[in-house]
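Taken in sequence, the protein lines are chains A and B.
Heads up: the first sequence is residues 41 to 556, going by the working numbering.
Heads up: the second sequence is residues 777 to 1121, going by the working numbering.
Among the clues, some could well be false.
To be verified - Simulated crosslink set (DSSO-like; lysine-lysine; CA at most 30 Å straight-line):
| id | chain 1 | residue 1 | chain 2 | residue 2 |
| --- | --- | --- | --- | --- |
| 1 | B | K1022 | A | K228 |
| 2 | A | K508 | A | K111 |
| 3 | A | K173 | A | K121 |
| 4 | A | K248 | A | K320 |
| 5 | A | K248 | A | K121 |
| 6 | A | K228 | A | K173 |
| 7 | A | K556 | B | K982 |
| 8 | A | K293 | B | K1022 |
| 9 | A | K248 | A | K228 |
| 10 | A | K289 | B | K982 |
| 11 | A | K248 | A | K508 |
| 12 | A | K442 | A | K374 |
| 13 | A | K247 | A | K218 |
| 14 | B | K1022 | A | K555 |
| 15 | A | K430 | A | K374 |
In case anyone wonders, no lab produced these hints; they're calculated from the structure.
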Amino acid sequence: MGWQKMRVAGASAIALLMMTGCAAAGNDSPAAEQPLRVVGQFELHSLDPSTAGGFFTRLQVAETLVDADVKGVLQPGLAEKWDVSADGLSWGFTLRSGALFHDGTAVTAEAAAASLNIAQGKAGTPLATVPVKGISAVGDSVRVDLTEPYAPLPAVMAHTSTQILAPSSYGTDRSITKIVGSGPYRVKHIEQPAHIDVAAFEQWQGKKPAISEVTYQAVGRSESRALMAESAQSDVTFGMDPTSLQRIKQAGKLDIAAVTLPRSILLKVNAGHEMLGDVKVRRALSLALDREAMATALLRDREMAATQLFPPSLPEWHQDSATPLTHNPSEARKLLAEAGWAPGSDGILERNGKKFSVTLRTFPDRPELPILATAIQAKLKELGIALDVKVGNSSEIPAGHKDGSLELALFSRNYALVPDALVTLAEDFAPAGSDFGAMGWNDPALTEALNALASGKDVDKSAENRRKVNEILQTQLPVIPVAWYRQSAVVSPRVEGLVLDPLERSWRLSDLTWKK
Amino acid sequence: MVSLTTKPMTQATTQPGSSAGRTLHPALGTTARVLGRRAFQAAGVVVLVSTACFAMVQSLPGDIAFRIAAGRYGYDQVTAASADSVRAELGLDQPAWLQFLDWLGGLVSLNLGNSLVTGASVAGELGLNLASSLQLAAVALILALMVGTTAGALAAARPGGILDRLTTVWVSVTRALPPFLLGLVLILLFAVHLGVLPAAGHGEAKNIVLPAATLAVGLSGLFARVTRDTMAQIRQSDYVRFADTKGLGSWLVFVRHVIRNTGVTLIAYVGVQVLVLIEGVVVVESLFAWPGLGHALVHAIFWRDIPMIQAAALALALLVVAMNTLVDLATAAVDPRPRHKEAVL
């Protein structure tokens, strides 16, 4: 064959390929025939509710006794109502009648109590920290006996680790072998770690989901996720990095759903440290941070600059009246001078011959953390504080807390994984400190206020107690708030009705509909 | 690390005159020799790689129990309490040598153990990863060979011609593009703008096209270059000229002499490149969310999932041995001339 002919043949082949390609793209089968494609960054490592990352409650496969709406107000879940004895020591959760597991068996109080007993035995879950005496089945309700009153118990029963699974979910050694829940969707197929297929459960008692099949695909890189959204390969895409999100917004072809989360990015400070123990120094660190610049330039969202620890998405805890945290380097310098720090020959602050040099630990799983850490490093350098940033694994923070070597840590904290933020706060600001909370710091007035809230006794004083907690944290700064969090999801034009849950409990896919 | 020799073996134990052919068919003799040698090598690799892996993981900084707990509970939820429960459950307080002996004992009975993070059987998880990686590598290799050797052969037909120069440009451009960037360009073109292929993911047949093409583009340039150079050289050789002179048609010369002799060089070269391919797979897998071996290994190291790291590293090492074996066998089949040192003398 001559070269001329070959070239013509090659060009025709390429042209033909492109034409078939375009034809295929234009000939999409009707949207409703396909499953809804959800893409996110998280992988499914385990089926166990305590370590499954909330997948099966987010996909509405499993239910918890108590549910919560998007405002965090508790709603009936598998339990249609609950009550507590006068002494606050005995709770009863009455199950919804007629509820069925996906294997066709009835949801019984025995099954629910069995699931909760297993959940209670798992370390590191909210239920494990509740003063539980015993969980048992009484008629059609689950009875929880406590050793001391614990008002936020219903909120704990809304946490994903307390999901109720059918007895057929468990293997002989009480480990989970498959997920048989009672929600509007049932598991069709799971390919760990990256793929979950669910389909609508025909015998679901409530409103039938408009979208009958959903597939979830985990994709690790945010660039890949953004490109999947842009190429119409995904219908709902979570975990967008700020740059991709801005590009998609500017292109204007896809919808973006957004909600501020009850999640804050904060600096944990070792208050037992010789340099950081002085509250003047902590205030100086806080004044050094230019939160608005960081939010605008790095998070690409000016409104996410934190003025206090609790974001407005935690309306009970956020105080509009609180004095906002601001950026004021000259005030910071003054406070440091009052604490005895003076610039040395190299510009680094010194006290008694010792340089102000500390280490900040953070991790890259949330991509904004390392860049925020370097911005903080630059701001502290202006004050004469040498900050060494170590980007490692998140577990180095609790490990450093335990052995006392931690100085500063940057991470993000969700205060409403249990819908009542009190549960997380009581743990984070316990007098002995906590892995992702205070370190070497406690305040009797704060402990008293949190205890009063947990006992549920003086309900009239609850608002005042929450205000007090906020005020103490704002002035004492055992953790220094840096930014708040906005969760965004990119939604394809094929679907409508996505409302993001600020509590990240559910993706509420059963409320979605195909666009006509 | 493992030796990557792909040249034909020149050492042999058989004496001249007492050729293996008397008792055994020569081809079978070569095969048995190759397999025996490689089996021995594989056993050595298993011991070396697993010992080195274990030593390296133990010497990494950070508390293993905390890292495993971070993998299990998620990075925001790892606490000292969960790390303690992991430590107790997995017996991480035991001395390291005891843990290593446990693992080695399991390996002898072909039990790779369970993942420390997911609790699932390592063999099961690795099976899926290995199959996905091999599938991706195989498709990429076939694509690269098809495109690369065809372009190389056509270029060699007219050294210095337009196609030859185009091939040179192709080689330079594809080698200069890192797979990560190339992958993004391909996604932008075929997924975002043309909308004909999925951008990333796994599970549908179409998903493999872009990651395989990303790997194949880089390789095809190299294959084209090697094919072209080898073929151009062989076309100049005495035996090809002789075949031409004795009146063989140009097609017969090409098939009988040029292709076969090019094959010897190309197979050895492909053997080396396959290893490069498996390395490149790590980056490409992460970009395209392909659940392969590279992806599994990176995660396992991050979480200090020791049984998974060891099994993945072993699988990779044994893959190298298997590839070398295949290359030896294929070379022996294409070029069955005896490889006795004595025969050369």
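Each hint tested on the structure:
A distance of roughly 69 Å separates the Cα atoms of K1022(B) and K228(A); the hinted pair therefore is violated under the 30 Å criterion. Note on K508(A) and K111(A): the hinted pairing holds, with a Cα-Cα distance of about 23 Å set against a maximum of 30 Å. Annotation: proposed proximity of K173(A) to K121(A) holds, straight-line Cα distance about 21 Å (limit 30 Å). A hinted pair counts as satisfied when its Cα atoms are at most 30 Å apart, and K248(A) with K320(A) does not qualify at roughly 58 Å.
A hinted pair counts as satisfied when its Cα atoms are at most 30 Å apart, and K248(A) with K121(A) qualifies at roughly 23 Å. The hinted pair formed by K228(A) and K173(A) fails the criterion: a straight-line CA distance of about 37 Å is larger than 30 Å. At roughly 28 Å between alpha-carbon atoms, K556(A) and K982(B) fall within 30 Å of each other, so this suggested pair holds. Taken as a hint, the K293(A) and K1022(B) pair is broken in the structure, with Cα atoms around 69 Å apart against an allowance of 30 Å.
Distance restraint check for K248(A) and K228(A): the Cα-Cα separation of roughly 17 Å lies within the 30 Å cut-off, and the hinted pair is therefore satisfied. Between K289(A) and K982(B) the alpha-carbon distance is near 28 Å, which keeps this suggested pair within the 30 Å criterion. The hinted pair formed by K248(A) and K508(A) fails the criterion: a straight-line CA distance of about 45 Å is larger than 30 Å. A hinted pair counts as satisfied when its Cα atoms are at most 30 Å apart, and K442(A) with K374(A) does not qualify at roughly 33 Å.
Note on K247(A) and K218(A): the hinted pairing holds, with a Cα-Cα distance of about 25 Å set against a maximum of 30 Å. At most 30 Å may separate the alpha-carbon atoms for a hinted pair to count; K1022(B) and K555(A) exceed this at roughly 75 Å. The suggested pairing of K430(A) with K374(A) holds, with an alpha-carbon distance near 28 Å, which does not exceed 30 Å.
Hints 1, 4, 6, 8, 11, 12 and 14 from the earlier list are contradicted by this structure; the remaining hints agree with it.
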